[in-house]
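**Student:** Residue numbers (this note's numbering), protein chains in the order written: chain A, 1 to 222; chain B, 1001 to 1248; chain C, 2001 to 2671.
There's no promise every hint is true.
[Claimed, not checked] To give an idea of the interface, some chain B residues facing chain A are shown, with a C-beta separation under 8 Å as derived from the structure:
no. : residue
1   : TYR1022
2   : ASN1025
3   : ALA1105
4   : VAL1132
5   : SER1135
6   : LYS1171
7   : ASN1202
8   : HIS1205
9   : ASN1214
10  : ALA1220
11  : GLY1228
12  : ALA1235
13  : ARG1236
14  : SER1245
[Said to hold, decoys possible] With a straight-line Cα cutoff of 20 Å, these simulated PhoX-like cross-link-like pairs (lysine-lysine) come out:
no. : chain 1 : residue 1 : chain 2 : residue 2
15  : A       : LYS189    : B       : LYS1148
16  : A       : LYS93     : B       : LYS1171
17  : B       : LYS1193   : B       : LYS1148
18  : A       : LYS84     : B       : LYS1171
19  : C       : LYS2585   : B       : LYS1148
20  : B       : LYS1023   : A       : LYS93
21  : B       : LYS1230   : A       : LYS195
22  : C       : LYS2402   : B       : LYS1148
23  : C       : LYS2585   : C       : LYS2537
24  : B       : LYS1230   : A       : LYS189
25  : A       : LYS84     : B       : LYS1016
If you are wondering where the hints come from, they were derived from the structure by calculation, not from laboratory data.
For glycine and all other residues, C-beta sits at the position ideal for the given N, C-alpha and C.
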Amino acid sequence: MSGILSSSIAKKVAMALSALFLIIFLLIHLSVNLVSIFSEDAFNTASHFMGINPLIQFGMQPILIFGVVFHFVMGFVLELKNKKAVGVSSYAKNNGAANSSWMSRNMAISGFAILAFIVLHFIDFWIPEINHKYIAVLPEDPTRYFHELQHKFVNPLRVGAYVIAFVLLALHLLHGFQSAFQSMGMNNKYTKYVKRCGKAYAIVIPLGFIFIALFHYITQLS
Amino acid sequence: MNLTLKIWRQKGPQDKGAMVEYKVNDISEHMSFLEMMDVLNEQLVNSGDEPVAFDHDCREGICGMCSLYINGEAHGPDRGITTCQLHMRMFNDGDTIYIEPWRAAAFPVIKDLVVDRMAFERIQQAGGFVSVNTSGNTQDANALPISKHAADEAMDAAACIGCGACVASCKNSSAMLFVGAKVSQYALLPQGKVEAADRVMNMVHQMDLEGFGNCTNTGACEIECPKGIKLTNIARMNREFLKASIKG
Amino acid sequence: MAILDSKVPDGPIKDKWTNYKNKIDLVNPANKRNIDIIVVGTGLAGGSAAATLAEQGYNVKAYCYQDSPRRAHSIAAQGGINASKNYMGDGDSDYRLFYDTVKGGDYRSREANVYRLAEVSGNIIDQCVAQGVPFARDYGGLLDNRSFGGVLVSRTFYAKGQTGQQLLLGAYSAMNRQIARGKIEMFNRHEMLDVVKVDGKARGIITRNLITGEIERHSAHAVVIATGGYGNVYFLSTNAMGSNATAAWKIHKKGAYFANPCFTQIHPTCIPRSGDYQSKLTLMSESLRNDGRIWVPAKIEDAKAIQEGKLRPTAIAEEDRDYYLERRYPAFGNLVPRDVASRAAKERCDAGYGVNATGEAVYLDFADAFVRYGKEQAKIHGIHNPSKEEIVKLGQGIIEEKYGNLFQMYEKIIAENPYETPMMIYPATHYTMGGVWVDYNLMTTVPGLYCLGEANFSDHGANRLGASALMQGLADGYFVLPYTIGDYLSDDIRTGKISTDSKEFDEVEKEVNDRIDFFMNNKGTKSVDHFHKRLGKVMWDKVGMARNEPHLKEAMAEIKAIREEFWKDVKVPGDANEMNLELEKAGRVADFLELGELFAKDALDRNESCGGHYREESVVKEGEQKGEALRNDTDFGYVSAWEYKGEPADAVLHKEELEFKDIELKQRSYK
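For reference, chain A alone in the conformation it holds in the complex (with noise of 0.2 Å):
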């Protein structure tokens, strides 16, 4: 079992599982960040009932740092070996672009530029919530959400980060969206969709994100 577990394919299938795992999670982190722009007594309470909700405090969350982490490591995994077999010469003169899209070909490059801004995302909000919940104990109030969330839309600059990042990550999904499907075998009459699909899902979703941002950034300016 553990050799199977090694070969290639699974590492492939592995990346493609993690993957549409993470494909999915941001569908609902999306979705519970619009509500932000609609209602601040909606986006604190699904706040409040997330962060004290065990299920997802040590249930999902676990999982889904386990999935960030692993889609991350198991891409670096594969990046190194990739470059292993390649071999020491390289071409004097290549023409990727004559043959494959620029993202499929960058994907360590934009999953490196996501890390980051996980890295800075989990700066802004995580550690102060972990802070405030369990290390610190601050005294609990179901209301402070959405003034927290407003306050990181101040700094242009960090708006300008956040907006890079998710032009990273449509990037991202361009290709991978449907590369997940093909790594786990699924290629067939019902490509074309996966294909537009996936197409769809990585502009509309980056763009949503970048949306809110800016919403929250415009709001505050006067």
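Add chains B and C to chain A, keeping to what the hints say.
**Tutor:** Chains B and C only, in chain A's frame:
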């Protein structure tokens, strides 16, 4: 037309190698690329130099021997052909053309533009066959009908010529198109289904041992493949592999 | 004459092979483990033989000069493989396949061998299907057949236009299975440079490792040569660049007789030469002749204008076109056999009516087929009063379905769209029916030395039918040799390993090394290709499609002169102890320079026209058949087997008289 060639020269497997520049003149646009190389080599021999070593044999696009990376693409800028079918009308007078060997750790250079593709052989030996004796005492060829669709699809997969352009074009030096094509051919036919699980496991295992990279679905291989082998073959291999793994 | 014993078994032709198999000595499985067999060449014949022998339990060592057995030139065969399965129910049988093959070969093949070939042909298909060869099928899931090469039944199995490739990959996969089991030891990028005889028996070979240049000794109890034909003696041919006659020629020099070298097939539908730089010619499947009409301009001034590029073929009116095959051979028209079609094209081009810049091409025109199919399609699709353009478009669709890949290949090479202007074609050397003489067991005149496939002479006589080469290669390798070799090896079960440490191996290795040293140290001025091209020109001009006594005598003298110059003035750069492609070529061309002369000598001896060999002196003098080939069964009903005596010109002729008990001899007529 007159051309400048930048060609990889490497005396032997241990030599470091380097790009060397040559000039060829009065090249006809009707020449094939390898005939242009013949002109260069004749020129080199006559001037007492060693000709450029490159693999070639049938010169009609089917043996899979020729293997040049031309101006940054496997088998050059044209599509659906091998290097031997590439014609000089694809180039212009005064062009500089880069000519390099396939690059991959699993394809070490033997000399100049000649690489060692024994890794492909070992992958095929690991399972690229149906275990049937060649005694001739098998059942009648028509005893088992096979749907035209499956037969045609198997044929499309079987059209692979084993040239290695997929590996050469892949930014990860992955051999999955090559292996996927063979796995697919047999997985589609009832004769091959019997040992399909063992085959895919063994061939993938050998592919990994040879040090080929992992597919990241860039699709470069499909575009550069002279025989139009489809990415669906890689998906099928992945599927076959999953099936075989789950069954144990 | 005793030495040329064909060893054909007695009895009625239908029972010969079965009775023979029942009576031969076999080697028991335990003893097979102690016996080694060398197989040189890994195409259809060599690959299938190596796989089957290994499967039977022998230790096989297989050699190919390419980097993989899968590259052998069998891979380039397009059309298909014949088998007398009679799946179409159109009256095919073993006898009919046998009859067609002997007749197609113009009665110069050995009856018993051909009958056996027909007998095992069905098994080949069973075997290949079991191996997973994806033959074309119909919608019911059964195997599809097509007609090929002007025979009266549909017996050709095919896999798109890549039948040779798929069959070779089948044999290759069978080899791989045995390589994985350790029963075949595979030597890629190794070239056999000579055979070693011990006590008169073939016991080993000397090879050069083409990567390291190392000269190696390999021993075995028997040696099998399956290295293909010698078409590259013409320099330009449809063979692969590396296809060579060295193995066959080396065994000839060591005692194997060489049979019928002048029987060479010139294939009519190849893409014409475009200039002096041309390195090889590309074949297009002759199935194209089913739908294309062949013509040249009827007026010499039109032909001149086309050659100078001043006139387009589409501008020539119907009445100014000469459909010369339809004119000369009304019964068969464009579907006359390969040799007839080739000579007719040469005749027109020699008369000045050729159509490309070189004057060496004729048109193959699909315009009528477009209209014919287009009208049919319009009916099927219920289109009333279709315009001419619509009809042509519909018809082109059908032609694309049938020959799309060939049209595309043509366009890539010539850069002209064959849907718009007629294709240009010209004959090119394609296949050599002649080869090493073998008996019924496929053994040469050297004990323990066998020869299979195109490299031997046995089954195709003076002309090979389409889709029969693949059949012969696989029949020899899968079904014939594995039986017959056992009969010989049954005497060797107590011999034990053959040592390579003997004076016989020392001597041959020294010969090989001396020759390589000569090449490396010769201070010549001309490249190997220079000599090869000159040889090719003499062969094509004087020993080509039409031959006569003065030309053949000149050819012999000229080839000898080129050979002498070659040995004085050839230049081989680089080192011997590394990959050296020029050195490889030098050895091969040196052998072609001898073979070419024997070829011409054989053509000179055979003063009759039969199959691919056309002597201008032997034609029908009057009547309807005037000018057509005339066979002479009384004086030339034999196989010429040549014994090497030092110089090719001194070779001694041995005749194997051919007997036809089961077929009546007729003059071919396609009028």
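**Student:** Please check whether TYR1022 of chain B passes as an interface residue: C-beta within 8 Å of a C-beta belonging to chain A.
**Tutor:** violated (14 Å)
**Student:** Mind checking the CB of ASN1214 of chain B against every CB in chain A and telling me if the closest is under 8 Å?
**Tutor:** holds (5 Å)
**Student:** For LYS189 of chain A and LYS1148 of chain B, compute the direct alpha-carbon distance and say whether it is at most 20 Å.
**Tutor:** Within the cut-off at roughly 18 Å; holds.
**Student:** How about SER1245 of chain B: closest beta carbon in chain A under 8 Å, or not?
**Tutor:** Holds. Min distance 5 Å.
**Student:** Checking one constraint from the list: CA of LYS84 of chain A to CA of LYS1171 of chain B, max 20 Å. Satisfied?
**Tutor:** Holds: LYS84 of chain A and LYS1171 of chain B sit about 11 Å apart, inside 20 Å.
**Student:** Hint validation: SER1135 of chain B versus chain A, beta carbon distance must be below 8 Å. Holds or violated?
**Tutor:** Violated - the Cβ of SER1135 of chain B stays beyond 8 Å from chain A, reaching only about 34 Å at its closest.
**Student:** Less than 8 Å between beta-carbons is the criterion; does ALA1220 of chain B satisfy it with respect to chain A?
**Tutor:** holds (4 Å)
**Student:** Min Cβ distance, ALA1105 of chain B to chain A: is it shorter than 8 Å?
**Tutor:** With a minimum Cβ separation of about 4 Å from chain A (threshold 8 Å), the hint on ALA1105 of chain B holds.
**Student:** Under the criterion of a CB-CB separation shorter than 8 Å, is HIS1205 of chain B in contact with chain A as hinted?
**Tutor:** Constraint on HIS1205 of chain B satisfied, holds at 7 Å.
**Student:** With the threshold set at 20 Å, check whether the alpha-carbon distance from LYS2585 of chain C to LYS2537 of chain C stays at or below it.
**Tutor:** holds (18 Å)
**Student:** Regarding the pair LYS93 of chain A and LYS1171 of chain B, is the alpha-carbon distance no greater than 20 Å?
**Tutor:** Cα-Cα ~13 Å, so holds.
**Student:** Would the stated hint for LYS1171 of chain B survive a check requiring a Cβ distance to chain A of less than 8 Å?
**Tutor:** Holds - the Cβ of LYS1171 of chain B comes within 8 Å of chain A, reaching about 6 Å at its closest.
Comparing the model with each earlier hint shows violations of hints 1, 2, 4, 5, 7, 11 and 19; every other hint is respected.
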